[in-house]
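Chains as they are written, first to last, in numbering that gives the first Met the number 0: chain A, 0 to 335; chain B, 0 to 347; chain C, 0 to 343; chain D, 0 to 506.
Hints are computed from structural coordinates only; laboratory data are not their basis. Every value quoted in this text rests on a predicted model; they were computed, and no experiment measured them. C-beta: ideal position from N, C-alpha, C; glycine also. Among the hints, erroneous ones may be present.
To be verified - Looking from chain A toward chain D, a few residues come up when the C-beta cut is under 8 Å (computed):
#1 Arg201
#2 Thr202
#3 Phe204
#4 Leu220
What the hints assert, rightly or not - Under the rule of at most 27 Å between Cα atoms (straight-line distance), these lysine-lysine pairs were calculated in the DSS-like manner:
#5 C/Lys215 / D/Lys80
#6 A/Lys135 / C/Lys267
#7 D/Lys258 / D/Lys443
#8 D/Lys258 / D/Lys388
#9 D/Lys388 / D/Lys446
#10 B/Lys199 / A/Lys177
#11 B/Lys266 / A/Lys177
#12 D/Lys164 / D/Lys121
#13 C/Lys152 / B/Lys199
#14 A/Lys281 / D/Lys377
#15 D/Lys258 / D/Lys492
#16 C/Lys215 / D/Lys119
#17 A/Lys281 / C/Lys267
#18 D/Lys73 / D/Lys119
#19 B/Lys332 / B/Lys199
#20 D/Lys388 / D/Lys319
#21 D/Lys119 / D/Lys80
#22 D/Lys164 / D/Lys319
#23 B/Lys266 / B/Lys199
#24 C/Lys267 / C/Lys215
#25 D/Lys166 / D/Lys73
#26 D/Lys121 / D/Lys80
As the list claims (entries may be wrong) - Ranges between beta-carbon positions, derived for each pair:
#27 B/Asn196 / A/Ala44: 33 to 41 Å
#28 C/Ala158 / A/Leu114: 57 to 65 Å
#29 A/Lys177 / D/Thr346: 47 to 55 Å
#30 B/Glu48 / C/Phe48: 45 to 53 Å
#31 C/Lys267 / A/Pro110: 55 to 63 Å
#32 D/Ile372 / A/Leu186: 18 to 26 Å
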Amino acid sequence: MAKETLTEVIAVAETESAITKSKTSPLEWIAENGIFVFTALLILASVVFVDGFASLVNITDVFHRAAPIGIVAVGMTFVVISGNYLDLSVVAQVATSAVILIAVSNEYGLPLAMLAALLAAAVFGIVNGVAVGYFKANAVIVTLSTTYIGLGLLRYFSGGSIFFGPPDGLIREFGLGKLGPVPYSALVLLIMTIILGFVLNRTNFGFLVRSFGVNERATRLSGTNTAAVVIGAFLVTAVAAMVAGWVLAAFSNTAVSAMSQGYDFRALAAIIVGGTSVFGGKGSVLRTLVGVIFVSVLTNVLVLSGISFGYQQMALGALIVTAVTVDALSRKVAKR
Amino acid sequence: MRKSRIGLATAGLLAVAGLTLAGCATADEPAATDSGSTDSSDSATTGGETYEVYALLPQGNDQPYGTTYLPPMEAKAAELGINLTITNSEYDGDKQASECEVAVAAQPDGIILWPALADTIRPCLEAANAAGIPVWITNADVNPEDAPLTYGYSGTDSYGQGAASAEMMCELVDGAEVGIIQINGLTGNSVATLRGNGFKETIAANCPNVTILAEQPGNWNKDESQIAASEMLTAVGVENVQGMYAADDSMIAGGIDALKARGLDPKDFFITSIGNTFLGNPLVISGELDGTVFQSSSWDGENAVVGIYRAMTGDTSLGRDDDGSVLYMPNPKVTIDNATDPSVAPEW
Amino acid sequence: MSQTMQIGERETSLWGRLRLTIARRTEGRGVVLLAAVLIVVAFTEPLVFTSYQVSLGRIALIGLVALGLTAVILMGELDLSVASTLAVSGVVVALIPDIRLGIIAALVVGVLIGVVNAFFVAIVGINSFIATLGMLFALRGLAFVLSDEAPVKITDVEAGIAFGQPLIGPITPRVLIFILAFIAIQVFVSRVKAGREFFAVGGNRQAAYDAGIPVKRRIFTGFMISGFVAALAGVINTLERTAADPTAGATVLLASFAAAIIGGNYLKGGRGSIVGTLIGATALGVLQVALTLSGVQVPIQQIFIGGILLLAVTTDPANLRAVLGSVRSLRLGRSKLQTPGSGS
Amino acid sequence: MTPQASQSGDVVIEARGIVKRFGGAVAVNNVSLSVREGEIHAVVGENGAGKSTLMRVLAGIIEQDSGEVVVAGKPLESGAKNSIAAGIALVHQELSLVPEMTVAENILLGYAPTRFGFTKSKELEAIAAEALEEIGVSVDLNERISRLSVALRQFVEIARAIARKPKVLILDEPTATLTPAETDYLLTMLQRLAARGMSIIYISHRIPEVIRICDNVTILRDGQKVMESAVVETSPEGIVDQMVGRELKLDLQSRRDAKPGDVVLRAEGIRAPGVNGVDLEVRAGEIVGLGGLVGAGRTELVRAIIGADNRTAGRVTKFKDGRARTLAGYQSAIRNGVAYVPEERRTDGLALAMSVSDNITLTNRDELSSFGIQLRGKIARFSQDLAEKVGLRPPEIRREAGQYSGGNQQKIVIAKWLGRRPDFIVLDEPTRGVDVGAKAEIHKLVKALADEGTAVLVVSSDLPELLELADTIHVIRDGKIAGTLQGDEANEKTVMSLAAGEKMVDA
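Same shape as in the complex, but just chain A (with noise of 0.2 Å):
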């Protein structure tokens, strides 16, 4: 049957505009790679005008602040590129890991503690997984009951308390370790970057993530287990999220329940600004990364300049909202 709809009409319209997209407005480069511009700008002018941020020791403390956050950020960027939005759960896995790191290895040593932690992680990632890519249930809620359920399980087993890593251990030498002014934590969370890139990039796996994404129903139709792709970017957030929580524990060498609170919303924010779309398929790890570098220094500029804790929120908040009214914009700027 003839069916000239207007997705066809506009099927025309989107191929003009994908042939014209060849010269781009300048409006749209900055918002495929602004981020990558702004970071370097905000870098500039935090060395010429902000005293000390150029010390080697500051630059440990913005890689100290941007470690932990990005390596979430970094897993979470899957779940994001799916197109599920957001994991909120990483909060509690977290501190489940810390924690699970911490009080473990006093008992049974760390290579006990790391399987305890792995198999944590799992059973977020399978639990969170299964409920989106099966039973197709709304991300955000499903993650937020599993944050209510394992932050309760957690309280209720650790009861609260602060675990103390032994004061001179593994983890805490690499808590304390650093490479010239990278602290090993900042290392890891390049790795991962690394790591991450490339699963996200050139495997097989992270084609099918940024495809469903883009499309998922041809994805399905191609004959992809979109389930297990589902699950695949949950599990991959809670490992991330999992190694946070050591790279956390570690700096502190403590760890309790109640640590990594609203990791949620920030490293979605990195994530944001790093230009990653929360309608699935564009964006990549990279672009988090220096989403998170970005968030990370503005915060310590801010901090180093002696502004208040309110202010840094409302900072991070118009952040945000600039970040993807550029991006808005460009794309309206695009259809024209």
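Based on these hints, arrange chains B, C and D on the given structure of chain A.
Chains B, C and D in isolation, oriented as in the chain A frame:
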């Protein structure tokens, strides 16, 4: 349509199952961790009459302090034949207010209240009085104007703790012109605010020669405090900083790590804090932390029960006029000299 | 041929009509959950009912914001900024000495926040999830800045306390306002043209445009409603507690979502109801009060509410049907696996 | 060639030199059209001829680039509201109802009568009832649209148009989703409305319908008006010739002589929503066609066979070099050499925002990767070859699939499956929305596939296409096989009569 109804049915059944499970959970609870509601068998052991008491706390075993606060409290309650129902509002003023309504409605013999937000509990107090239920305040006192509505208070004086820490700072500095940095608790949290003000105002009064160069929140968190401290050091310039204060030991531990990370020796700095916890006490002994203020969670928990017991047995009456209506927790200053003293053995 | 033709079933029997009406409702799960909760609670914690004014208070506390949020959800949009809005408006009302003026100012602030949200969503064209995420941070910051990062006591404490007292029987102003808000919004989305059109905006936006419905204006209305209601909640909390807490609303956002979802509101929009949200809020409220009374510790409560929420989302009839279906057709195939060589 | 259109009453609506471009592509090119009171005016044309675009301009949903629409002598401002005010009502082709609102509300969507903003439900229902009464359809006014059958929704759409008391009623393929009985009813109804002085613009592919009820016919091809004539002065053949142009006609004869081999796929007792027990076989090198009216359950059938949708009963056996496998679900079907070119190319066939090679990789991951890591070089070569094999123009595999025209997009979809060298391929409406040139190429491609020994199952509503491609045609009606036509016994008449299931609606 049929399937959807099946779906609903399953949902319902599972919900019921879940709810019943919860019932069990509450029962098993004391076994799992010795906190939460004590089961009646405890009170039975005491013979004598038993009292029903609601304890409205803003934290429970989701926080280190609460975790060590509860067991002594429950032990004492069992001993005095008090049947406790404990709630935890997670420092949400609205939630606690609602829990207060629940408690008043339950018409217990007494209410132990640990204000989540001192400014917001006036209505709760009035409701309790209207219902003739004695209220004993624990851990964080109410505002002066509300004190007459309570039977008494046992616990620390958060402002005083800040002040005490400041006094130690003044002694340490001993008249010298020094600059220090300040790490505060969770932004907007009332204990954080009180301790902060206590410290600041006492410094201003007793030793104006100490200048607070910068302050940032550390959110009761060691890792966040370390970064915040380090950044403040950068901001004001390490050379200008001779001291550091944090509103609790976890945070000062972070601050001390920040110094170490720069290859600085904490011993060269004037450092004071509050808590004398498992984290802080070793630092005092090692000499890195010059002084902290001991806060005993067990004292706090026990005396909350003692207090409400007095109120219920008429030893103390409405208002704060009669003696014994205010039990201030001894907040001994802990320094390297008495750090190993059993009387200040860390509890959390 | 006949001048009229009969297509599709038409129920005439009373039972049939009833079945039809039920089939048309979206609150199914909410009702089941509520029933389950009420039954269990009736046995375990009858106090929940004997002191129902308390339960009412808690329901109002959870539900009010959820009502406003639902208006936005019906259009397939989200508003993550409600909690922060609540905090800001609370601080505003406390900062202004004259209570009346303060209340008005706070409510105006709420509406303005709604306008800003809607501007980003409808005019700039940002996904509401992100736009309001930004506002979530910005407004929380604003609350801290305005309150100087500490609780703000209201000037006329007595008035505040008076506000907390029951008016008629167990009905406190909070409960009354909640009921009024419910009625108002319910009437709006079920009787008022503009409100009904929320379903069109959420259910089939293209059709809404084609039918000449001012979609953008509707989106503005929706966000203004949720902003206003959130502000209202902030005002009530501040007055009842006699002080504003810049950190307020920590649990509000999630609780509201839970209530809306359990009530059968479809996050993609176009399907759901205010009644559903009321039911969801009631179920949650009663559950919480019961758990509080039985002294269950917070961690257990969380595990619980989380579990129920997880159930609520995974048992969406549509999802369930899909899962059951695929399972069945899998069985269909597996059951008949053949030995190689057979056939052909 | 414009013989005088039959005259009666005065002109109600007139389009003058309408031009509508999308980017560079001209969808409607200088088309004029005038309709008189009480006239039923047919607008016919191939897919993509610009019919729907023209109608959207008339209905004020999209704005023309040049030319004007004149209603009752006054030029019409663009905008849905204006055109509705001017008494123009469009019955959309893709249903534009709100699923969770009631029938009554949908009928008056956006125009519900109000007092102080409150909907006057009594009045609302009265108007809705009247509208339904007028088209003589009875349905519960408070029923949610989401619970109505597709056909019923179509009538609600029409009622909605009627409810606005339009002077001009535009229907875009209204019978697409209707059974013959319903169609017949609709046509009588339209004649009744016209008799009462309503002007109707009727878009359809079904020439018999046009012949039966229309006074005048305007034929569009590639966005241009190729003919306007009184229906009485033309013939079905004449209309078809003008619609399709000659070249396709010639193709029609080019049947291939098939030599079917062994059975590749056997489906037995297939049941699913809309499918009521179908058995069929497809042999190697054979092209089996599924004919029938839209809504007959053809798409549902093929999706149930390959497991893309769940089936409630039935069993599908796939034979590969003597071994028989029962297909459990969609994925197992794909693993066993089944390929599926879906009906909805843009939503189901392609990830438009991804590159051609990405789309091709989607189905051939295993071959193009080792240990889960994708081999870029191989991917490039692989997709380049396929792109050229299916004659993608230009064969730039880095380009976004969305940048290609409908025909090329369809070629990409086919290419991504060819990569798997399937021995059984399902094509659902393979040339919908595809231009004539590409259409011919795709036909060649499909024939070539069959000649190579692939078993092919084609669903098509485009009769000439079906007749040209298929060796065997199963005509589906009401989810069952109404009849099977071999080789020469298949022609437009036999297929249609089987599809309609009764004496064909005819002039």
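Hints the structure fails to honour: Those not satisfied are hints 10, 18, 22, 30 and 31.
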